[in-house]
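Chemist: Required output: the full structure, derived from the provided sequences and hints.
Residue numbers (the numbering used here), protein chains in the order written: chain A, 1 to 330; chain B, 1001 to 1321; chain C, 2001 to 2495; chain D, 3001 to 3336; chain E, 4001 to 4291.
Incorrect hints may have been included.
List of simulated lysine-lysine pairs, DSS-like, C-alpha gap at most 27 Å [unchecked claim]:
| # | chain 1 | residue 1 | chain 2 | residue 2 |
| --- | --- | --- | --- | --- |
| 1 | B | 1265 | A | 182 |
| 2 | A | 211 | B | 1265 |
| 3 | C | 2205 | D | 3162 |
| 4 | A | 118 | E | 4198 |
| 5 | A | 148 | A | 134 |
| 6 | D | 3162 | C | 2494 |
| 7 | D | 3125 | B | 1086 |
| 8 | B | 1108 | D | 3232 |
| 9 | B | 1086 | D | 3255 |
| 10 | D | 3125 | B | 1011 |
| 11 | C | 2235 | D | 3162 |
| 12 | D | 3129 | B | 1078 |
| 13 | D | 3162 | C | 2239 |
| 14 | B | 1086 | D | 3232 |
| 15 | E | 4177 | A | 118 |
| 16 | B | 1125 | D | 3255 |
| 17 | D | 3178 | C | 2205 |
| 18 | D | 3003 | B | 1108 |
| 19 | B | 1265 | A | 262 |
| 20 | D | 3162 | C | 2011 |
| 21 | A | 97 | E | 4198 |
| 22 | C | 2009 | D | 3178 |
| 23 | E | 4177 | A | 97 |
| 24 | D | 3178 | C | 2161 |
| 25 | D | 3162 | C | 2236 |
| 26 | D | 3162 | C | 2473 |
| 27 | B | 1078 | D | 3125 |
| 28 | D | 3178 | C | 2197 |
| 29 | B | 1265 | A | 47 |
| 30 | B | 1108 | D | 3255 |
| 31 | A | 138 | E | 4198 |
| 32 | E | 4198 | A | 134 |
| 33 | C | 2235 | C | 2473 |
These are calculated hints, taken from the structure and not from any lab test.
Note that this is a predicted model, so its numbers are computed, not measured.
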Amino acid sequence: MIRMSRVIISAINLTKYFPVQRGFLERLISRKLEYIRAVDGVDLEIKEEETFALVGETGCGKTTTGRLLVRLLEPTGGDIFFRGIRITHIKGEELRKLRRHLQIIFQDPYASLNPRMKIGDAIGHPLEIHDIAKGREKRQIVLEMLEKVGLTPAERYYELYPHQLSGGERQRVVISRAMILKPDFIVADEPISMIDVSLRAKILELMVDLKKEFHVTYLFITHDLATAKYISDRIAVMYLGKIVELATTDELFSNPLHPYVKALISAIPRPGPKAERERLLLRGEIPSPINPPSGCRLHPRCPFKIRICSKEEPKLLEKERGHYVACHLY
Amino acid sequence: MKCLLNINELKVYYFTRRGVVRAVDGVSLNISRGEVLGLVGESGSGKSTLGISLLGLVPPPGRVVGGSIIFDGIELTKLSADEFAKIRGRRISMIFQDPMTSLNPLMKIGDHLMETIMIHENIPKNEARERSIKALEEVGIPPERFNDYPHQFSGGMRQRVMIALAILLNPDLIIADEPTTALDVIVQAQIIDLLNNLRKQYNMSILLISHDIGVVSEIADKIAVMYAGHLVEMADVDVIFKDPLHPYTSALLRAVPLIESKYEKLYYIPGSPPDLVNPPKGCRFHPRCPHATDICRTREPRTVSIEDHIVKCWMYCDTYE
Amino acid sequence: YWYYQVYIKPKEVIVLGTIDKITVLDPAKAYDFFTWEVLNNIGEGLLKYKPGTTELVPGLAESYEVREGGRVYIFKLRKGLKFTDGTPLDAEVVKWSIERQMHLKLDPSWLVTAFVEKVEVIDKYTVAFHLKRPIAYFPALVATVPYFPVSPKAYPWDEAKDSTVGIGPYKVVKWVRDVELRLEVNPDYYGPKPKTKYFIIKFYKDATALKMALEAGEIDIAWRELLPTDIVALKKEGKFNVVEAPSPYIRYIVLRCNQPPFDDVRLRRAIAAAIDRNRICEKVFKGLVTPLYSMVPMGMWSHIDAFKDEYGERNLELARELLREAGFSEDNKFKVELWYTPTHYGTTEADVAALIKESLEETGMIKVELKSAEWATYAAEYIAKGVMPIFLLGWYPDYIDPDNYLTPFLHSEHCGHLGVFYSNSDVDELLEEAMIKPTREERQALYEEVQRILARDAPLIPIFQGRLFLVCKRNIKGVVLDPIMLLRYYLIYKD
Amino acid sequence: MLKAYLIKRALMTIPTMLILLTIIFLIMRVLPGDPVAAIVGTKAPPEVIQSVTRRLGLDQPYHIQYINYLSDLLRGDLGRSMIWGRRPVIDEIMDHFPATLELSISAFMVSILIGIITGTEAARKFRSKFDQVLRFYGILTYSLFIPWFGIMLQLIFSVYLKLLPVGGRIDPFMEPEKITGLYLLDSILTLNIPSFFNALSHLVLPSITLGVYISGVFTRTVRSNMLEVLRKDYITAARARGIPENVVVYRHALKNAFIPILTMMGLQFALLLAGAVLTETTFSWPGMGTFLLERIMYRDYTTVQGTVVFIALLIVSISLLVDIMYAYLDPRIRFR
Amino acid sequence: MKRTPLSRTIIPPLRKIRRLNLSEYWIAISGAVIIIVVSLMAILAPLIAPYDPIETVGDSLEPPNTRFLLGTDNIGRDILSRIIYGSRISLSIAFLASIISMIIGASLGLLSGYIGGTFDTTLALIMDSMYAFPSIILAIAIAYVLGPGILNVTISIGIVYIPVYFRMIRSEVLSTKESLYVEAARAIGASDRVILLKYILPNVTASLPVVFSLNATDAILIEAALSFLGLGLPAPTPDWGFDLKNGYHFITAGYWWPVTFPGLMIIITALGFSLLSEGLSEILNPRLREV
Ligand SMILES: Nc1ncnc2c1ncn2[C@@H]1O[C@H](COP(=O)(O)OP(=O)(O)OP(=O)(O)O)[C@@H](O)[C@H]1O
Ligand SMILES: Nc1ncnc2c1ncn2[C@@H]1O[C@H](COP(=O)(O)OP(=O)(O)OP(=O)(O)O)[C@@H](O)[C@H]1O
Ligand SMILES: [Mg+2]
Ligand SMILES: [Mg+2]
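Modeler: As structure tokens, this is what we get:
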């Protein structure tokens, strides 16, 4: 049964081009600018209280999409709506207020904490910035939060510095910092990929628990399909700045449509007895996002390509109910 | 199958300022000719240290402090630097984790290969060149890229070059330390397939090191599991998956999200990996083990082998005192 | 040197080391001792001193006569002389050279303009100087560098310029400023040829480098000048010849007498009384220089120890008394800045300043702050503008006459250039009178009077009189050190 | 690709140069003292002062002076000395520049030789006694007071042992025929053996003084860069291929370590020049350093300005050269 | 391409250094000891100096003896006393100059790096140009402009070192600015001022001590060089460079002590600072420390 729910955040034709870094003189010499098309026309809708996974290989634009959605990056084109309000270009005080509702957790727990700030202060800082609590009150809230994420005794952890913590503990700190404002929407950008295997499950579980408690919506970014499958309600697969397929988790795994998604699924190493498996393997590697292939971006690597693939870009269309795919084969 | 490599009670320690890191602490294992052994374990469990010690390249302040490594009848730990250099690259070669940094950025791809051949074999330049080109073709790199520099290659291509370098002199043993960790899934699958093919073709032994039990299971015949410098379990792939004995192994298998498993709750191992300067007394896994008993906390378990299945856990030692 | 010259016989070369500098090889601009010395070796005046004496003998002029009671001097030039650039020397050239001096009005030009009214060509080889008033010592002036004829081809009319064109016994064959000046015998010189074919001057940064070069055998002669300690040591050691001669070089302090605080004559006198000349001579110069009690150096006619007569060698009591009169005391110290220039007078200068400070402060009522400025600033800016209340200076004579030690300092018309703002019409009159008096006796009385006034008013305080030292290898001969102090390179040879 | 890079890099020097020139211009304007007084002396009448001021263009407003200054430079005119002989500044510079160049090159070679060998060996024997000694050497030489060190060498080798000359560049009459102005090179080119040895003997002490001073920095740079490179994966990978240790260190590692060292060297050029000023004064070496110092003391306005401009030009060209070498050495730039 | 996580290069707070192990940190410790001894000399100068440094108290050029432990100089001043008082000058110039350049250089670097854009480009170009210029020549020029005197020498040395701090801080700011924790701060809604002061500033100052003491080394040497070249302090201020220069003149006459002791003091003090700098950089640089 699909619960009817409201859309919390949506993007329409979202694009982000990064100019290729050039020196100040180079800019004077030649006018031609090259762009990295990190995100190139992404449409998506994320519903209230769901966990939406964004999957794809390195450099396909997942992180950029996440950052765009929480307005850490200025989009080049397209629109972003938060609860139906257009937030594409808001600035200043308005944006700062918005930040209470949109949060992000970064991949690298080692780099996302200020090494010169105590854990407690780091977590409590958002409260101060948004004038929610100060001093003792703040400390109380932070301590509660620390308990919740399992950093006990909280009093001790409050006084520690990030380097005194392990990766898993740091990621919990980062999560508490994001949660302390009780936001509505959190982008979790590969929150477990830099954590020891044995500790990943714990972080995932924590995230799931917190979600229940705070009623947040996650955009869960990962390159690992298995993790996405474990945690998410719906999945979107990206390739070179575009979403190629979007469906509910079960649907995607049971009935992948796009050749890229099929390849991705079949490439996952499967633990267990070495059974001879049929693999759908793509040739080569992802091309540069500076000059992506014309037409369908997968066509140079696609075993099923037809003539139109190199000429026309396929649109993301609803193939079955809730199952979108961008491929000329369908 | 004939035993190619025999490691016995190997101890490799790092003498750091913080104290002695017992990275490999009494590990014994065998690899037969043509066999692929997968070595898994969490980060910091000593896998790489074990691998690199087979080449005599443990970086200072690390040292092999005990045990023996017998490779094809040669005691490696006793070799002089010169003698060891003759074995490296020729009889034992290595593939590293990060293909982006494992090639000298100032040298052409071809020169890497030619240099290796010409150091080990006294052959004319053009012959070395031909053989290098052949090795590159073997891993799927066209000859016209012979004179390119590493930065002109993508990650997967570089890892192919590394593999070409490893198989170049047709060694008996290849140590592959996380050869696919830095690569994307699809490229990873390509490399795994390549390794699988080459291995069949050349009948080489491979020591495949990885923290990803899934990757290992794709190639390996046998799997060895390391925890905090100890080898805790070793058995055939199928056996490990079907019937893991050590609590750590089974915990590890249940902690990773698997694509097949449906919505079941993930299991996590409580606590965190030990600090190897001050490892826990007794069984090193005991603080995190659900089955830990008193003896686990005080005495290190013996290694027992049940048929071909080796395990280091008190639960399987028939006789405690 | 151990692998010495391969091309040239050692005897043909003499290397002289110095820490002096050539400023500009132009008689119209050069106004420093060393450049004059070089110009005297590569050029020549109409008259010149006979080496070792103060007697003037014909130079480029073969004879001269005095007319109109000393107002007109007529010189007969030698015939057939030419400059090293080929320009022949004649009366027109002499006229041009002097008029150029008068036109450019650079530093040394006053030696011409103060005396000469005009120059007249009488015939090709006869030239007449019309003076503003009769000058008894004009022949001595004519022997000075500003009166040297120069080649109009080599020097521009309206600008000073370096030129190596000369007419003297040596000609310049190579010159790299502050590195080396290489002289070679001038084949066209009318007089006897120098005995040494090449005379090389090497320039050193400081006296220590000079001493090292001497020790290492790089130079044959060290001239101007080794440090007193080194000279004392060398004299004792006896490895080198140390040639010494009294010198009319004097050092003195100037007090800014037209502005507070030194417009108060009591303060000037207090300073004059407090200075300890002996300490400076002994401590800094190891007794190689002599305390001086007048601006006119010892050994020159008309010298009297005026300051000694006025204050004694040193009179701290008098100094204190004067200070007290001027309103100062131990608690209310007279504070003053003492200026010196750290390199121009050699490295000893800082020590001289330090000892002056010390001896003044011994009164217990003076507090001295030492200040220093590099020579360029010191000379061009501070001195003439009266920036510094007390400062150290030195004087080398332009010509050998007491007038040159008194008029430039005390005549109100001239003294401002030297930072002395003294104005006393009696002194002016005395000096002017002395200038034209024909006999030495008459002049001497006047100069003695001036010296006494000087000691009383103390706008300047003499400190010491120098000695010349030249250190050379034992085989160097022909060194003549005489009152004009300029070394004649052309007399020097190797044995 | 490479050519485009080089052109771009060359164009990059323009703003740097312009900024340097502007700074120099500004500094020269605030120097105390009146350049006109330096030329005409203290007794000159006002009309002479005026005419000289006009001739020097000092009566113009500053921005005009600035434009004139730049346009003169563009024409390669560094002006004429303001005092004394009014020689063209460029001639004066050319009298002294070869001396500095010769000293710098030989000191540089001394320091590179010492630096590379000691640095590499120290890195190889990281944390050993040997390493500690070499590190101390690096620190000590950095703290060396050049004049003191130079004086000690002079005393020992020249004054007491009389082995080498105290100072100067060459003995009189020993100068080789002028081709490049570098005595050693010229005497080789003209096959003038005595001159060669004479010049060499003069060069030994100054270049050792300066070379040792710089070498410490090199030892440290080479050491730390080698440490870094020796830890790189491709070094381990090379070892794992059985490449002999010396080849690994001196071929693979040194070449890679050399690229950052090269950049460092470009920057160290300033240190070299700074050291050269002190070395030159200590050894009466007739180079740019002594020359510049003297002229600063004499307030020879235009000469100082011209010389500083020349040094600035030199520095900019050196850094350009370094970058070109960098590009040549590093295929990542060469084949972009 | 994956960027390397920044945390690996971030310098840990000093407190992480556990025990100060003498043998490991001998470089830093010996540097610190030298500096402390010289500083004590400076502070206690009036108490420990046997004579007034600018008074002639003995004969000139007395060799070291029981009355004058290090002998006297050419006008009979006690060299030991001059050296002791000289440490005041040297150290205060070194410290003051370094502080001047640190304050100006670091704050300019911080702003320039954070603001970026044309402002940054221009400032960076200017600073780079200054940096590439031989420090001593620059210092000579400035010292000449300002004239001799303690303050002037301090200022000229101070100005010369501004680019060193500027470059260091700016490059740290540039990389810190890109770091995840700064982005995280932005994500929680922190303002630029808060980010600059609470997130960037504390993280870019770690190498300041290293640069500071290296700077002090250079300041000592440049001060001595300026005095040596006659651009430093006026006589009779007790100053090592000045005394060295002065003593240098008597060396050829066989008087070794006036040149040796001031020279040694310059080198020892400079050595103290550079040892400290090297030692600190080792302690603060985790990459070298790790092993
Ligand atoms: N700030 C930036 N400036 C320039 N290029 C950028 C920037 N951020 C990302 N890119 C580029 O945009 C593309 C997409 O990057 P993004 O980080 O979104 O990928 P990703 O899917 O998150 O990859 P990964 O799995 O490696 O995290 C890449 O080619 C990347 O190099
Ligand atoms: N050069 C070294 N110096 C000091 N300690 C080291 C060094 N290399 C490794 N270690 C320590 O030795 C232990 C084992 O390290 P090793 O690299 O062998 O682990 P690993 O199993 O390969 O881990 P990973 O999965 O992260 O590669 C770790 O605790 C590590 O900190
Ligand atoms: Mg990402
Ligand atoms: Mg490893």
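Chemist: Hint by hint, say whether it matches the structure.
Modeler: Hints versus structure:
1. B:1265 / A:182: Holds. Residue 1265 (chain B) to residue 182 (chain A) sits at ~26 Å (cutoff 27 Å).
2. A:211 / B:1265: Satisfied, since the Cα-Cα distance of roughly 16 Å is no more than 27 Å.
3. C:2205 / D:3162: holds (20 Å)
4. A:118 / E:4198: holds (12 Å)
5. A:148 / A:134: holds (20 Å)
6. D:3162 / C:2494: holds (23 Å)
7. D:3125 / B:1086: Distance of about 23 Å is within 27 Å: holds.
8. B:1108 / D:3232: With Cα atoms ~17 Å apart, residue 1108 (chain B) and residue 3232 (chain D) stay inside 27 Å; holds.
9. B:1086 / D:3255: Measuring from Cα to Cα gives roughly 24 Å; hence the hint holds.
10. D:3125 / B:1011: holds (24 Å)
11. C:2235 / D:3162: holds (21 Å)
12. D:3129 / B:1078: holds (26 Å)
13. D:3162 / C:2239: Status holds; Cα separation ~16 Å.
14. B:1086 / D:3232: holds (22 Å)
15. E:4177 / A:118: Roughly 20 Å separates the two Cα atoms, so the pair holds.
16. B:1125 / D:3255: holds (23 Å)
17. D:3178 / C:2205: Answer holds: residue 3178 (chain D) to residue 2205 (chain C) is near 25 Å, not above 27 Å.
18. D:3003 / B:1108: holds (21 Å)
19. B:1265 / A:262: holds (26 Å)
20. D:3162 / C:2011: holds (22 Å)
21. A:97 / E:4198: holds (20 Å)
22. C:2009 / D:3178: holds (23 Å)
23. E:4177 / A:97: This hinted pair holds, its Cα atoms lying about 22 Å apart.
24. D:3178 / C:2161: holds (26 Å)
25. D:3162 / C:2236: holds (22 Å)
26. D:3162 / C:2473: This hinted pair holds, its Cα atoms lying about 17 Å apart.
27. B:1078 / D:3125: holds (22 Å)
28. D:3178 / C:2197: Between residue 3178 (chain D) and residue 2197 (chain C) the Cα gap is close to 23 Å, so the pair holds against 27 Å.
29. B:1265 / A:47: holds (24 Å)
30. B:1108 / D:3255: Cα-Cα ~13 Å, so holds.
31. A:138 / E:4198: holds (18 Å)
32. E:4198 / A:134: Distance ~17 Å between residue 4198 (chain E) and residue 134 (chain A) Cα, so the pair holds.
33. C:2235 / C:2473: With Cα atoms ~12 Å apart, residue 2235 (chain C) and residue 2473 (chain C) stay inside 27 Å; holds.
Of the numbered hints listed earlier, not one is contradicted by the structure.
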